[in-house]
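Participant: Okay, here's what each chain looks like letter by letter:
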Amino acid sequence: MTKVFTDGLSFAMPLLIMAIGAIYSEKSGVTNLAIEGFQGFGAFIGSLIAIILMGTMGQSSQAVLYIAMAFAAVGGGIYACLHALLCIRFKANQVISGVVVNILAVALTSFCTSLANTKINGTMSNKFILGVSTRFTIPVISRIPWVGGLFKNMYPFEIIIIVLVIFFWYLMYKTKFGMRLRACGENPQAVDAAGGDVEKTRWAAVIISGALSGIGGICFAYSLLANFSPSIYMGYGYLAIAAMIFGNWGIGTTAIVCMIFGLAKSGGYQLCIFMGLPSSYSDLFLMLPYVLTMILLIFFSKKNHPPKAAGEAWDKGKR
Amino acid sequence: MKKKRHTLAHLLDGRHASVWVSVLAVLLTLLTAGVMLLLMGKNPLIAFRSFLQGCGMLPKANYGGGSGMLSDLSDFLNYMAPMLLASLAFIVGFKAGLFNIGIAGQMLISGFTATVFIGYSKLSALPARILVVVIGILVGGLTGALVGFLKYQFNIHEVVSTIMLNYIISYLTGFFINNHYVDMMTRTSRICSANARLTLTNVMIAGVKCKLPIGILIAVIMAFVVKFIFDKTVFGFELKAVGQNRKCAKYTGVHVGNRIILSMAFSGVLAGLAGVTYYLGYTNTIIPKTLVGMGYDSISVALLGNSSPIGSIFASIIVSIFQQGANYMSSMVNVAKEIASLITGILLLYASCGTYMKMRAHMVIQRDIDREEEEKK
Amino acid sequence: MDEYVVEMRHITKRFPGIVANDDVSISIRKGEVYALLGENGAGKSTLMSMLFGMYEPDKGEIIVNGKPVVFHSSNDAAACNIGMVHQHFKLVDNYTIAENIVLGMEPVKKKFGFLPWVDMREVNKEIQELSQKYHLEVNPTDKIEDVPVSVRQRVEILKMLYRKAEIMIFDEPTAVLTPQEIEYLLEIIDGLRKDGKTVILITHKIEEIKKIADRCAILLRGKLVDILDVKTASVQEMANMMVGREVDFNPYKSPANFGKTILEVDHLTVKNENNFEVVKDVSFSIREGEIFAIAGVSGNGQTEIADAVAGMMKAASGTITLDGKDVTGASIRERAEAGISYIPEDRQGTGVVMDFTLQDNLALREYHKEPFSKKGILSFDKFRSYADELIEKYDIRSGQGRETIVRSMSGGNQQKAIVGREIEEHTPLIIFVQPTRGLDIGAIEMIHKQILKERDRGAAILLISLELDEIMDLADTIGVIYNGQLLQTAPADTMTSHDVGRYMMGVKDA
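Chains as they are written, first to last, in the numbering used here: chain E, 1 to 319; chain A, 320 to 696; chain G, 697 to 1206.
If you're looking for bench data, these hints aren't it; they were derived computationally from the structure. Cβ coordinates follow ideal geometry from the N, Cα and C atoms, glycine included. Watch out, some of these pointers could steer you wrong.
Selected chain A positions facing chain G (in silico; Cβ < 10 Å) [as the list claims (entries may be wrong)]:
no., residue
1, 552
2, 554
3, 569
4, 691
5, 693
Using 35 Å as the maximum straight-line C-alpha spacing, the simulated DSBU-like pairs for lysine-lysine come out as follows [stated by the list, open to error]:
no., chain 1, residue 1, chain 2, residue 2
6, G, 1071, A, 569
7, A, 559, E, 303
8, A, 379, A, 528
9, A, 566, G, 976
10, G, 763, G, 976
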């Protein structure tokens, strides 16, 4: 039972930070299907740095993880500039741009991984082997029955993500920047007339979106996958978008949705083992979050309120 | 003298602007790819030539027994068929204002269904092939219609529902393949019977072994059918109206919900056909839990072809050259074949800047006109 | 000597294809109400947008308080204490009034000494005080989407006051208000003048200028025609200058000749998406040869009545009868075939497909019928000849004739195309919603003539307009709507515009 909570949380946290990335972008008025690409590219940069550092700092150094996370954020943020450029500067269709950015991320990272591997260790492999981050258990609280599992065997990145979530919640709802950002997604004309810079705000939002997604990506690479390879593009970016829609573009609600997704996944997997089913049945449980989203959207989508100006290019000249 | 200025801008603002945008995108892509290859110390000209050689468009230095340029060309067409169909699927949705980004999923479910019911049956060639096509149409169409229905009835954005469906289909078919239809050696689904394939293998033409893809015929015909529907029919006119301005279409008296469902169904039909030509003709097996990249590549084809059915024939040739010629190119110049996807990505990147290019060209020309007027004064 | 607070010298501004301002010079004194008069598209808003920093002039200079300035953004203008109320309010619907006012100028506090924080509780208090000081009562915590238009305008004015604006630009502020609200607004403007603020009023309504302005600059097609002292200039003189020719104020209207009843709306109730009753138990009827006009402040359910009659919205209860046939449950197309034409409020959003050609747009009512199509195949010959016929008949001007993409046409010509397309159906009932909003006088005259011509032909006409003048000019019968209910229905000649205005405010026994 505790395993359900432990695994659920470790899946939900990276998902949540990616979903918050998506929220930032969309709340500022830029539709973002590119999360999948952002997280992959961020993870690629992070892993590349980790592989290089592991050569000098040793395989097991935990510091590598934190440096990798920082670089994943930077990488994701830089890569996100491409989406910002297409959507904000070039006024391309934002859905198409998202698709473009994703395709390019897959192609670019797979190609560069092979290239880097030939340079670093002479193999043509498209994988960076990272290993799994060490875990720790918070004393006392973890002994609480049932929920205690949430605090057992935690990855250190989960704590970092929780801190980040709180910070980005505060930034969105309590600061000047957040206030303008949300207004940009509702009525950019209002922000412009009030002296705000719509383009800059949207750029910042998309870059934040990329940075947070990058962090999400490297966390998956360090937990679920234990490596970086093209299999990082297994749709978790899209799942994060689903969580965002499901959470009606709110940070708090999206956090709950991510927990539900995480618990559904780990719960399903444990149930599968408990019932003695072969591991191939786990595919059916992996499907659950998607089915859940579809079904719940049927009931709630009429109540959904996406940001009004999302998807529209902002044109200052247009009256 | 003035006319000479900004020739490029005039091309990008003229009657055939969209064609020139695509041409420019291709040229820029070749340039970018060329520079990349140079940086890696490879000769880009050799690389580009080997892409074409790999597709049977230029003769290779030597051929294995029984194969020749024609065999490569037939292989190329075999790959291009589903690509063209998939891009038509995107175009149909796009014209009606819908983003069908679930083409990969729709291809997978129809390919899977056809493989399981017909590919593993002992039916003889003709009925088997007809049934495969029918299944492709039905399964793809129904999946598409479901997306349209969800949008109309429950206001679920098609981008969201197609993504969700992609993964649901991927896991669901993956589950069945792994449990029932897996080939223990390859870890993919068992090969489908030759009778059910939409490609005739080992046909001897001019003394070399060729593959005759029926799919390419279907695909080209469908391109013209799609063109006819959108250019000449009431139905196409209504779909375009729905795509451009849903409110106006409703105001005119078009049953918008019905048209949304029908256009998604039509898009799904084409994706379904792409699926059966891909899985029963090109690969003949299904890798479980994997959505083909073609689902997204088809979007670049549609974009490069300026969402015109005839344009996408040319665009699918170009994109297919990179994808299909990659293996040979890789062996010739020793560059990882992933570069093909990278080139496609770059192509897509430039193509998606088309609107911006046109906008800039228009501004440049307008400024010239204004300046001339000023001078006249 | 005169102290000019704003001088704009030899301003020229061009947009691709048009010259919006051509060598315009104006000077404004401190503490006056300065009016900019001109038709739609004369370049008034563009000129003021430059003073507010939203565009930069191609030529000319702007001098504020004696110093030449270059504004790159509205921030620069705001720094010179210039504020502007735009014609389309720039408000965020799901933000509160207070949030909207401080947006862009958010007061930031340091929580725990380091965390920057926008303290909304403090802001609300501050806005409350500000609104009381200037007698512009608002509740700071109300959301914009929940308050009426007149309150939104107050929010825009408070936004300027919060930014300590000394020079205030109002762009067509009365377009959306009732006569009573207009009077109230003019009082506010007068109060601002007494406080020493300089007010620039952009308008095309001469009466308002007469009432409030000190001086008035008249613009015509981007050029400055003249600057007049309002006290000494006559209304007719100003009108002629604004249009550039003699204007006839009263369109000729022949005496009414009513026939049988065409449209009968009985106890109609309409609910919107949020299940809220926007039209409540409305009944009225229109006869042949009658113009039935619905007057009301924007958002009181009038467009929903039009939508319900045309079939765009469902009737929650009640019946709609057209020429003796119950069409309550009929589809949009069935109603159109039964004899309803509809000129919708949102012409670009609903009336046309912007990226279609003019030819395709003109065929939108006919394309599915012979001879425009046979067995589902379109016949473009018919499309072309029909388009040419309508272009000629309704004087629709465009760059490339029937092949023109509608998006590139002017608003007036887009509307002419819609009006032509709908009138050409010669249906027994024609619905006009805001048929002349934003058009220049030439186009307005033309459309008013068409409406009267159809009436004289014997069509029943449902006219919905926010322009009270238009209603008073054209209507045979007036119904006033307030909060979804028809408060009063009476022959037009028994009501003055002031009576109508009072009903529009919801006063029942005027």
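Participant: Check the hint pairing residue 566/A with residue 976/G against an upper bound of 35 Å on the C-alpha distance.
Facilitator: holds (24 Å)
Participant: Restraint: residue 693/A near chain G, CB-CB cut 10 Å. Satisfied or not?
Facilitator: Holds. Min distance 9 Å.
Participant: How about residue 552/A: closest beta carbon in chain G under 10 Å, or not?
Facilitator: It holds, given that the least Cβ distance between residue 552/A and chain G is near 5 Å, below 10 Å.
Participant: Need the status of pair residue 763/G, residue 976/G: alpha-carbon distance at most 35 Å?
Facilitator: Violated - the C-alpha atoms of residue 976/G and residue 763/G are around 57 Å apart, more than 35 Å.
Participant: Taking 10 Å as the limit, does the beta-carbon of residue 569/A come near enough to a beta-carbon in chain G?
Facilitator: holds (7 Å)
Participant: Hey, residue 379/A versus residue 528/A, does the alpha-carbon distance stay inside 35 Å?
Facilitator: holds (16 Å)
Participant: Given the hinted pair residue 1071/G and residue 569/A, is their alpha-carbon gap at most 35 Å?
Facilitator: holds (22 Å)
Participant: A closest beta-carbon separation below 10 Å is what the hint needs, so does residue 691/A meet it against chain G?
Facilitator: Given a least distance of 13 Å, the restraint on residue 691/A is violated.
Participant: For the pair supplied as a hint, residue 559/A and residue 303/E, is the alpha-carbon distance within the 35 Å limit?
Facilitator: Holds, at roughly 29 Å.
Participant: Using 10 Å as the Cβ threshold, decide whether residue 554/A counts as touching chain G.
Facilitator: holds (6 Å)
Checked against the numbered hints listed earlier, the structure breaks hints 4, 10; every other hint is satisfied.
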